[in-house]
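Enquirer: Here is what each chain is made of, one letter per residue.
Protein chains: 2
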Amino acid sequence: MGFVPDSVNRLIEQFAKFSGIGRKTARRMTFQVLKSTDESAAQLAKAILEMKTRIVFCDICGGISEHNTCDICQDSKRNTDLICVVEEPADIYAFERTNSFNGVYHVLGGVLSPLDGIGPDDLNINSLVGRVTATCEVIVSTNPSVEGETTALYLAKLLNSKVASITRLARGLPVGGDLEYTDDATLIRAIEGRTSI
Amino acid sequence: MGFVPDSVNRLIEQFAKFSGIGRKTARRMTFQVLKSTDESAAQLAKAILEMKTRIVFCDICGGISEHNTCDICQDSKRNTDLICVVEEPADIYAFERTNSFNGVYHVLGGVLSPLDGIGPDDLNINSLVGRVTATCEVIVSTNPSVEGETTALYLAKLLNSKVASITRLARGLPVGGDLEYTDDATLIRAIEGRTSI
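As they're listed, the protein sequences go chains A and B. The opening position of the first sequence corresponds to residue 829 in our numbering, with each subsequent residue numbered one higher. The opening position of the second sequence corresponds to residue 829 in our numbering, with each subsequent residue numbered one higher.
Treat the hints as calculated values from the structure; they're not laboratory data. No residue lacks a Cβ here, since even glycine has one placed at the ideal position from N, Cα and C. Check the hints yourself; a few may be wrong.
SDA-like, lysine to any residue: derived pairs with alpha carbons at most 20 Å apart [unchecked claim]:
1. A:Lys845 x B:Ala869
2. B:Lys905 x B:Thr963
3. B:Lys852 x A:Arg996
Rough simulated footprint, nothing fancy, chain B against chain A, three-plus residues with beta-carbon under 8 Å [to be verified]:
4. 868-874
5. 994-1005
Assemble the whole structure, with the sequences as input and the hints as a guide.
Expert: What follows is the structure, given as structure tokens:
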């Protein structure tokens, strides 16, 4: 866009970098910042910088925290024999929102992906091996993608002899889903994993 | 969400303030900032602050600019007898993207809205009156909303004797639209404004 001042264009570019935010939304956001007070724009900028300064990775699980050990790992009511292994810190909060998981987490920081050059040494796998005990159940909760499945199989092989059990989240029909629009791969998993009623 | 560090929650709140950005998107954006390098987060914060510092309103049209007079008002190739009156600076760029308008702009900074207590003195109407000449065509390009129409009528009455002509953008079927799904008000305008072929 000609005639848009450079500093406006730069902010549009910055917002458009977010995945899921297209140029139109980025433009609308930018003009909203422009219309807002100097104070609220400063608050937004401050929130970004402050978060980046304060947040560190938890020593134990690799999740995010403002302390060296995160609130979940510090919580004595949590069952440390139940370890949910996830790809990213954000995945933790998907579980936490359900209020139905009482174990602890371990963040891999990604998945195995030979094509992108990401091997076991690039993930928090060593710290997971050091953490598990013979009484542990490890729930491998990587995403149901090719890389997620590969990582789950790798972890299963690695930890098999070291823990009580290794499980994977159930695959099947999503709640509220529609059989007619369910893809073949999901339906195959749903048949394989059928449960008695 | 319990267990999400405060500084993360604060940034989620800030992103969720944008219209059209829900909490889910705000959360995803926040975790993307968290994953990004310190440098790119700093760039985003800098772009916000820099834009707010640098952008001023053009002395002539009320549009946005990094100088006292915007690039469009400074452009000697523009037809200053054709003034397109818009609500917000962002509207200018909608016209500029079409590459088919060679006149200049005037930004009202809103629309008349008695319910919200916004009267003529709250908008850039005086500067518009001071700007028009007897050879001007004024295209009132406020949005096709109740307030936009009211503002257009007010401006028409005010400027009628001062300019050569006052026009309003055509209302009718949007290009690519579908008759079946067109609302009644639009269809009535399309019939009223029918053109010979």
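Enquirer: Run every hint past the structure and note whether it holds.
Expert: Status of the hints after comparison with the structure:
Restraint check for A:Lys845 and B:Ala869: satisfied, since their Cα atoms lie roughly 11 Å apart, inside the 20 Å limit. Our distance criterion of 20 Å between C-alpha atoms is met by B:Lys905 and B:Thr963, whose separation comes to about 17 Å. Between B:Lys852 and A:Arg996 the CA atoms are separated by roughly 25 Å; this puts the pair beyond 20 Å, and the hint is violated. Restraint check on the segment 868-874 of chain A versus chain B: 7 residues with Cβ-Cβ distances below 8 Å, three needed, restraint holds.
For a cut-off of 8 Å, the count of residues in the segment 994-1005 of chain A with a CB near a CB of chain B stands at 0, and the three-residue condition is violated.
In the structure shown, a violation is registered for the earlier hints numbered 3, 5, in ascending order.
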